[in-house]
Amino acid sequence: NEQKGQKTPATVTVRDALNQAMDEELERDERVFLLGEEVAQYDGAYKVSRGLWKKYGDKRIIDTPISEMGFAGIAVGAAMAGLRPICEFMTFNFSMQAIDQVINSAAKTCYMSAGLQAVPIVFRGPNGASAGVAAQHSQCFAAWYAHCPGLKVVSPWNSEDAKGLLKSSIRDDNPVVFLENELLYGVPFEMSEEAQSKDFTIPIGKAKVERAGSHITLVSHSRYVGHCLDAAAVLAKEGIECEVINLRTIRPMDVESIEASVMKTNHLVTVEGGWPQFGVGAEICARIMEGSAFNYLDSPVTRVTGVDIPMPYAKILEDHSLPQIKDIIFSVKKTLNV
Amino acid sequence: MKTMLAIISNALCRMTGRNAGARVVVSRSFADFTPQATFDIKKCDLHRLEEGPPLKAELTRDQGLQYYRTMQTVRRMELKADQLYKQKIIRGFCHLYDGQEACAAGIEASINPTDHLITAYRAHGYTYTRGVSIKEILAELTGRKGGVAKGKGGSMHMYAPHFYGGNGIVGAQVPLGAGIALACQYQGNNQLCVTLYGDGAANQGQLFESFNMAALWKLPCIFICENNKYGMGTSVERASASIDYYKRGDFIPGIRVDGMDVLCVREATKFAADHCRSGKGPIVMELQTYRYHGHSMSDPGVSYRTREEIQEVRTKSDPISMLKERMLSNNMASVEEFKEIDVDIRKQVEEAAQFATSDPEPPLEDLCNHIFYNNPPLEVRGTNPWSKLKSVS
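Chains C and R, in that order, are what the protein sequence lines are. Per the UniProt record's numbering, the first sequence starts with residue 1, numbered consecutively. Per the UniProt record's numbering, the second sequence starts with residue 1, numbered consecutively.
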């Protein structure tokens, strides 16, 4: 039942949602361009930029040599001089080569110049664990980047998140680190009619309650939002109703949404793929303790995280290095003392 | 004749900033001065170039006085900064440019204000030539709200339209400069970017990444190595397997230039700018220059080089003296004229220093501002959980 000018909900993979976001923003603003390794003629190492080079050509979609520090710096310079680059890191593991440009050249410049020099840039790419890619290709950088003032750090989960947040990130006049997840690229999600519009954006800095519940709050970002929802479905059968919050943005973190939920449920579990020490969950714990929701807690906050080791290769070991649904269920029950 | 003298007198008054009608012409009339002369300049060493910059440079009287004024202003401003630092009114890092003035003055004389420039941390000279006032520079060094970055940046982080600082991380400015050049090419505005770095930074890997991409994409970027012979305390011979910095661009053509001669710098940069603007891609320039001060104010500058060496450069190659002598021996200006310019500059620098020492520090309300650009206000955590500070753009 399509009415004139309206679309029905569609099923779109995260990859296609990201592709749509970039396509629409490239079309909307000629200052926007994409650079990175294999983004043009290869259609993107993970095919996220498929078709863009054919449509926009060499000027707007630029294949770079394997020179992260160089091309990240070039992207930052281009942003300083009036363009709006999207700088792709093939994975965020390689961003470590360029991290000085992200932090010292991009993040700090607006402050150091007292607002004279803006840096409207998006650094995007897959973050965190994939499948079987072992230690050097599996690190989650959410905590590292979210530590730094001057950056916005965004971590979408589903297709609507991916599209709406990437569009907002590109339109933002500040440096945004946009953390995708390779395992989510091929996952289809329903996208509402509204989300299919060319003007659909999701505000940076606002979390979303994906599932309402009254017994316990689960807070997560990226792929583990899905795990939390799966765990919630299992727990519901046992009469435990979980409220699942999708952070969407790591920095600035929407602590108010978490607090409002905790004041309702009195229990909190954080779930992330990254390492436990100094991580996203650690920050949430600190913020809850310092805020108004602390007095509403009936038990300490529980963090579910990746295991504190470099990522192993063998499948059985890899599976046990990351939070599984059963770990979330176990932690919920422990937190609720049931 | 009388009318013409009045016109010239007024013009000179504007240049020197003094009231019309004051005694400007001293012992000789203007008609006595040579309006223009041609000077021999040192031949540049070339890398991957058939032809280089010309061997002669034309200089008009006005240009000469302007270059003199620019260089002398930078010199006096840096010496004032030295003084203020020793009085502990300037803190932290302070890397002074005295000795290298011909580089900044010569480059600015050959590019347009609409071109772009980025350099490293020895940046006060370029901040001035790119249009920031002495007052705003010194006040930034003293950390006052009247500083060009409102006191938030300090010595290494000053910015202006088409001037991207002032960068603290050695070598990081080079990819940035290539990116600015990319933006020029992308926007088709026929502008270029002058990207400066030192002999120390010349060994940074990110430079070679930048050279590769700039050459590949033919970016309109002039990469300029200001070789002042020492990276902090390490001489070029002890740091680089090849000290031919103009050749380090490998596949990128290069010129080695006498960086103590403002005319040489100007002609070479003009040549380089033409090269870039004609779509030939990037070019590397090595300016052989010298800094009188140590690496920074915390370096006396004599443990790794001799006082004799410094003194020799001062007496034989000082850029300001060289220009002055050229003009005097060609009857292009008088000793008194130069003296008057000096007096005027001293006055300006003194006034700027007055401002820089009396202007208030930035208000505490400004602490968290400018984290983001064009952003709604946000809350910033202070030192303790009850300290909730505010940030506006």
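Please keep in mind that the hints were generated in silico from the structure rather than gathered at the bench. Computed from a prediction, not measured in an experiment: that's the story for all the values here. Glycine included, C-beta positions come from ideal geometry on N, C-alpha and C. Be careful, since some hints might not be right.
[To be verified] With a cut-off of at most 27 Å between alpha-carbon atoms, the simulated DSS-like pairs for lysine-lysine come out as follows:
| id | chain 1 | residue 1 | chain 2 | residue 2 |
| --- | --- | --- | --- | --- |
| 1 | C | Lys208 | R | Lys388 |
| 2 | R | Lys316 | R | Lys270 |
| 3 | R | Lys229 | R | Lys86 |
| 4 | C | Lys108 | R | Lys390 |
| 5 | C | Lys264 | C | Lys326 |
| 6 | C | Lys47 | C | Lys315 |
| 7 | R | Lys135 | R | Lys145 |
| 8 | R | Lys135 | R | Lys339 |
| 9 | C | Lys59 | R | Lys218 |
| 10 | C | Lys108 | R | Lys42 |
| 11 | R | Lys388 | C | Lys108 |
| 12 | R | Lys43 | R | Lys247 |
| 13 | C | Lys55 | R | Lys218 |
| 14 | R | Lys280 | C | Lys59 |
| 15 | C | Lys237 | C | Lys264 |
| 16 | C | Lys59 | C | Lys208 |
| 17 | C | Lys334 | C | Lys237 |
| 18 | C | Lys237 | C | Lys198 |
| 19 | R | Lys42 | C | Lys206 |
| 20 | C | Lys54 | R | Lys218 |
| 21 | R | Lys347 | R | Lys145 |
| 22 | R | Lys247 | R | Lys270 |
| 23 | R | Lys280 | R | Lys218 |
| 24 | R | Lys339 | R | Lys229 |
| 25 | C | Lys108 | R | Lys316 |
| 26 | R | Lys42 | R | Lys390 |
| 27 | C | Lys208 | R | Lys390 |
| 28 | C | Lys264 | R | Lys339 |
| 29 | R | Lys86 | C | Lys206 |
[Claimed, not checked] Residues from chain R shown here face chain C by an in silico Cβ test under 7 Å; the list is partial:
| id | residue |
| --- | --- |
| 30 | Lys152 |
| 31 | Ala172 |
| 32 | Ile180 |
| 33 | Leu182 |
| 34 | Ala183 |
| 35 | Ser334 |
| 36 | Val335 |
| 37 | Phe355 |
| 38 | Ser358 |
| 39 | Pro360 |
| 40 | Pro363 |
Next item on the list: Decide if the proposed pair is consistent with the structure: Lys264(C) and Lys326(C), CA atoms, cutoff 27 Å inclusive.
Entry: holds (25 Å)
Check: Minimum Cβ distance from Ala172(R) to chain C below 7 Å?
Finding: Check passed: Cβ of Ala172(R) comes within 6 Å of chain C, closer than 7 Å.
Next item on the list: Measure nothing beyond the straight line between the CA atoms of Lys280(R) and Lys218(R); if it is 27 Å or shorter, mark the hint as holding.
Entry: The given pair, whose Cα atoms are some 6 Å apart, holds under the 27 Å limit.
Notebook entry, point to check: Does Lys42(R) pair with Lys390(R) here, judged by a C-alpha cut-off of 27 Å?
Noted result: violated (57 Å)
Notebook entry, point to check: Keeping to a limit of 27 Å between CA atoms, is the pair of Lys280(R) and Lys59(C) held or broken?
Noted result: This hinted pair holds, its Cα atoms lying about 18 Å apart.
Notebook entry, point to check: Can the restraint linking Lys229(R) and Lys86(R) be considered satisfied, given a maximum Cα separation of 27 Å?
Noted result: With Cα atoms ~25 Å apart, Lys229(R) and Lys86(R) stay inside 27 Å; holds.
Notebook entry, point to check: CA of Lys108(C) to CA of Lys390(R), is that 27 Å or under?
Noted result: holds (17 Å)
Next item on the list: Using 7 Å as the Cβ threshold, decide whether Lys152(R) counts as touching chain C.
Entry: holds (4 Å)
Check: Regarding the pair Lys316(R) and Lys270(R), is the alpha-carbon distance no greater than 27 Å?
Finding: Distance ~26 Å between Lys316(R) and Lys270(R) Cα, so the pair holds.
Next item on the list: Would you mind confirming whether the straight-line C-alpha gap from Lys55(C) to Lys218(R) stays at or under 27 Å?
Entry: This hinted pair holds, its Cα atoms lying about 23 Å apart.
Check: Taking only the CA atoms, is the gap from Lys59(C) to Lys218(R) under or equal to 27 Å?
Finding: holds (13 Å)
Checklist line | Hint consistency between Lys334(C) and Lys237(C) [alpha-carbon to alpha-carbon, up to 27 Å] | finding: Holds, at about 17 Å.
When the structure is compared with the earlier hints, violations turn up for hints 10, 16, 18, 19, 24, 25, 26, 28, 29, 35, 36, 37, 38, 39 and 40 and for no others.
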